[in-house]
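Residue numbers (our numbering), protein chains in the order written: chain A, 8 to 499; chain B, 10 to 474; chain C, 409 to 538.
A portion of the hints provided could be inaccurate.
To be verified - No farther apart than 27 Å at their CA atoms in a straight line, the calculated lysine-lysine pairs in the DSSO-like style are these:
(1) Lys90(A) / Lys437(A)
(2) Lys394(A) / Lys474(C)
(3) Lys456(C) / Lys333(B)
(4) Lys456(C) / Lys474(C)
(5) Lys474(C) / Lys333(B)
Calculated directly from the structure, the hints in this document are not laboratory data.
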Amino acid sequence: MTETIFERSRPGRRAYSLPACDVPELPLDELVPEALRRAVPARLPEASELDLVRHFTELSTRNYGVDSGMYPLGSCTMKYNPKINDRVAALEGFRGLHPYQPEELVQGALELMVTLERWLSEIAGLDATTLQPAAGAHGELTGLLLMRAYHAAQGRSPRRIIIPDTAHGTNPASVVMAGYEPLAVGSDARGEMSIDELRSVLSDDVAGLMLTNPNTLGLFDEHIVEIAALVHDVAGLLYYDGANSNAVMGISRPGDMGFDIVHFNTHKTFSTPHGGGGPGAGPIAVRDILVPFLPTPVIERQADGGLRFTSDRPQSIGKMRTFYGNFGVLVRAYTYIRALGGEGLRQVSEIAVLNANYVFAGVSDLFDVPYDRRCMHEFVVSASPLKEHGVRALDLAKRLLDYDVHPPTTYFPLIVPEALMIEPTETESKESLDRLIAALRAVVADAARDPELLLSAPHDMVVGRLDEVGAARHPVLRQTFPDDLPTPEGDA
Amino acid sequence: MTDFVPHSDDDLRAMLDAVGVSSTAELFSEIPDGVRLGRPLDLPAGLSESELFADLERLAAQNTPATSLISFLGAGAYDHYVPAVVDAVIGRSEFATSYTPYQPERSQGMLQAIFEFQTAICELTALPVANASMYDAGTALAEAVMLACAHTGRTGVVVSDGVHPEYRQVLCTETAGCGSPPTPVACGAVTDLESLRAVLQEMGAGPAAVVLQQPNFFGGLEDMQAASALAHDAGALLIAVVDPLSLGLLAPPGEYGADVAVGEAQSLGGHLDFGGPYLGFMAVAEPLLRRLPGRLVGETVDAQGRRGFVLTLQTREQHIRREKATSNICSNHALNALAALVYLSWLGKQGLPELAVLCARKAAYLRARLTQLPGVTAFTDGPVFREFAVRLPRPAAAVAAALVEQGFLAGLDAGRFYDGLDDVLVVAVTERRTRAEMDAFVDALAGALAGDTSVGQPPQAAHDD
Amino acid sequence: MSDENYPQDLKYFQEHDWVRLSGDEAVFGITWFAQDALGEIVYADMPKPGVAVTAGETYGELESVKAVSDVYSPLSGVVIESNPAIDGEPGAINDDCYGQGWLLRVRLTDPAEIDTLLDSDAYVKFLETA
Chain A
8 MTETIFERSR
18 PGRRAYSLPA
28 CDVPELPLDE
38 LVPEALRRAV
48 PARLPEASEL
58 DLVRHFTELS
68 TRNYGVDSGM
78 YPLGSCTMKY
88 NPKINDRVAA
98 LEGFRGLHPY
108 QPEELVQGAL
118 ELMVTLERWL
128 SEIAGLDATT
138 LQPAAGAHGE
148 LTGLLLMRAY
158 HAAQGRSPRR
168 IIIPDTAHGT
178 NPASVVMAGY
188 EPLAVGSDAR
198 GEMSIDELRS
208 VLSDDVAGLM
218 LTNPNTLGLF
228 DEHIVEIAAL
238 VHDVAGLLYY
248 DGANSNAVMG
258 ISRPGDMGFD
268 IVHFNTHKTF
278 STPHGGGGPG
288 AGPIAVRDIL
298 VPFLPTPVIE
308 RQADGGLRFT
318 SDRPQSIGKM
328 RTFYGNFGVL
338 VRAYTYIRAL
348 GGEGLRQVSE
358 IAVLNANYVF
368 AGVSDLFDVP
378 YDRRCMHEFV
388 VSASPLKEHG
398 VRALDLAKRL
408 LDYDVHPPTT
418 YFPLIVPEAL
428 MIEPTETESK
438 ESLDRLIAAL
448 RAVVADAARD
458 PELLLSAPHD
468 MVVGRLDEVG
478 AARHPVLRQT
488 FPDDLPTPEG
498 DA
Chain B
10 MTDFVPHSDD
20 DLRAMLDAVG
30 VSSTAELFSE
40 IPDGVRLGRP
50 LDLPAGLSES
60 ELFADLERLA
70 AQNTPATSLI
80 SFLGAGAYDH
90 YVPAVVDAVI
100 GRSEFATSYT
110 PYQPERSQGM
120 LQAIFEFQTA
130 ICELTALPVA
140 NASMYDAGTA
150 LAEAVMLACA
160 HTGRTGVVVS
170 DGVHPEYRQV
180 LCTETAGCGS
190 PPTPVACGAV
200 TDLESLRAVL
210 QEMGAGPAAV
220 VLQQPNFFGG
230 LEDMQAASAL
240 AHDAGALLIA
250 VVDPLSLGLL
260 APPGEYGADV
270 AVGEAQSLGG
280 HLDFGGPYLG
290 FMAVAEPLLR
300 RLPGRLVGET
310 VDAQGRRGFV
320 LTLQTREQHI
330 RREKATSNIC
340 SNHALNALAA
350 LVYLSWLGKQ
360 GLPELAVLCA
370 RKAAYLRARL
380 TQLPGVTAFT
390 DGPVFREFAV
400 RLPRPAAAVA
410 AALVEQGFLA
420 GLDAGRFYDG
430 LDDVLVVAVT
440 ERRTRAEMDA
450 FVDALAGALA
460 GDTSVGQPPQ
470 AAHDD
Chain C
409 MSDENYPQDL
419 KYFQEHDWVR
429 LSGDEAVFGI
439 TWFAQDALGE
449 IVYADMPKPG
459 VAVTAGETYG
469 ELESVKAVSD
479 VYSPLSGVVI
489 ESNPAIDGEP
499 GAINDDCYGQ
509 GWLLRVRLTD
519 PAEIDTLLDS
529 DAYVKFLETA
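Can you build the whole structure from these sequences, using the hints too?
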């Protein structure tokens, strides 16, 4: 039976220790008037340190990470998070830096940042990089605001951004946040953006186009140069969603494909840990025409060789977040790139693509394959054939848990029914891939002989399938305490 | 080179066979020649792990961390002690290397932790619902304003100058595509409420929200009750930007009628990390639940009646609602939220108020000592929590620079952000600052103001972590 | 959940809504087909009294756990009230879509539109071809 930390608490227990007060112990009324003070203390836990450690250790055993096993999640690039990255990030010379310290005292940090900017620009095939965005979606918003500023400086205000119907949900959401209208274009029989449809919607009201290449189907869009030319012809800009960068590092660069803005997800391509949902980082690289609009501050090298922040950038869009970037995450990305070098990054992409093709070869006969093409670092198949047994992609996913395999991405991209998107990444061994193949084959076999096994799965987890309908109809989003007053209109 | 690709040559041969190609190059045949790089990436060659670590140590050694100095720098990033148990928990790879908990059966640990974090934020803010984290206070504020605009159907927002300047800049930048520029209200040590009243009256239809920070950038305590009344009278929401540690002592947003509370929770178990990743949080009043951005964890049961936790109300989010989502946020700062939860659990019900009072007493002591120096007056003269501003007889930036050589980070020069405040220094005092350190600082500052930089050596005690 | 049925005494709209007429008022809801396609409904976002609705345009949303669907108005009018019961019990829309799970009561502004609606047999036929 799970207990929350609040339920584990006992009055009077404590873990904390604080230094004794070595200054005059002014009474509270002399510090802050009663009217401004809190009347009722927050009902935080009361537990010993060992209680806390046992609680969180137990929670960790009900969780799963890359260190536990494989995550074949398409579009997530769940590769191994090297431990050396953690050791480096914990160095006090990085961890103990206050963002407002004088620049003379943080030259190493500034050096790391400008070097990482340069490396990411090189990997992207573009001219400059900002490390500010905290995540891919944040990078998307930054890139779209750069587009807006660029067009405004040209005296133009186009309103629409083209996105493919296979786009990740953050793309249209970011478009709207940036004040644009999304315009979806369909995919053709080869799973690529339909050139004909694209031509039909292009106009001078198009500010830009967002794409990832390879796309969310795991397919390389061979028309990318033509797409770029068409968009540039109407004075639009191209934005590259870098979620799938793991497929092409050192082989093909988005800047060379014609993209003007590129975001990277360091928690995908550059091995920084996912942390159960974050923090990641979403640095963006840009073509020189966009450099004046980059967020401030920007790091500049002085005549004496020292590095300084400057905000003297009149055309800058402003600031996308407090301070400079998710430095603690970026240190890990820097360390990873430094460890691998260009040769290592190229090898990453070659093996990522090989691993995906290997798994595809092992399972493609089981499913509907929507596009008869070679995949890149991930592939999408449809679990529609399972419908004849009365089971769906969701049920296959839950049954995989019984084989101790984490399910792939399901029901994305939206244009493939009962979609399964599988991305093994380059750090999985042949045995690991064989296990995945065997598990998928076993589950499909289960579907044919005893579909109930899938419908009632998973069986051996700490919980079975959870009542998500109830959770949404009557949301319980925080602990209830015995001394809670009844709320007038029901629970939160 | 360090690499993490596991395959031996035998593995590669077997796999290439299974795929039906003779080399990995064939797998890239669909990439047109015109977009092939055709040369190695221009990056330094990879390093073995020991060389790699030496290289990064060299870079780290070129920094002098605030934690090794006597630091009074605050302004949104605070040098509190991070107990060992926090890093021990978030270092567990079952948490750190885990993915977003979309498959709940395999991620009950993280889901429950987030549920507990949401609860803790609700307890601190006295608001009924909180999300699973955001990037930082600036972006959380931007999202709060967008929420207010969506809820009220209005486009304007009124923001006190006492809100952290970087949060205000982020707000302007991020809402450039979807709102009108914020209308400022003047702030001295505290927000000028008469100005706020006047601004609201002039606005006709009224703004979507009024934003104040508590404590404000100068450490001053605002009359949030009055601000709340003014906002609501104008039909606007009150967005309170609050410091979570201060809520161990100060009245929480729920008590003074704030509709949304956002803030920076770096001081809850987070390291300084040169500005990020930090921890934005957002809590809202009940009617705003369905507009809340970010992930939410809810409690439920399975078919056997066992309690479990799931991501819920996902229809608000981008992966379902796409262009109509409450926000584009996908990745959040979950691991930082876990750190905050562990820290708050370690402090506990007794420890949080005790720590808050300790900081307040130390801040009061230092302000009293500093304002006894000739020419030094309190800019923030009312009650304060952990931070306050003083006016110096010389430019604050020069004084602070002189004190660096003696091992002190004196605080932030307000002139960096505010015109006409070049002589104002914003000083933060955490529980890490001892009386001896504060006394030495006062002596050093006295010397620097008198033009003599040889006095006030820092005490001998080392500061390792 | 009831079996598939399309009561004879109701009118139907091709966006899978039903209409119960009563003088110059009408009650709207979604058909069995629609609630079945949506899955278990967790939330209904309905317009407030006094809001105008227009035939063929959306007036609200229905949410299941993993999807959101627009609800289309079969006729034009002004909202009198939305069903208060579905706020706490949206499942009624699945379990009793023609009865307890009604969505909106409306005062009609263009009764001539009624002629464009389908009867039960025509709607069933429409479902077969769609």
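Status of each hint after checking the structure:
For the proposed pair Lys90(A) and Lys437(A), the alpha carbon gap of about 22 Å is at most 27 Å, so the pair holds. For the proposed pair Lys394(A) and Lys474(C), the alpha carbon gap of about 19 Å is at most 27 Å, so the pair holds. About 20 Å separates the Cα atoms of Lys456(C) and Lys333(B), which keeps this hinted pair within 27 Å; it holds. Only pairs whose Cα atoms come within 27 Å are accepted, and Lys456(C) paired with Lys474(C) is accepted, the gap being roughly 25 Å.
Taking the CA atoms of Lys474(C) and Lys333(B), the gap is near 14 Å; set against the 27 Å cutoff, the hint holds.
Checked against the numbered hints above, the structure violates none of them.
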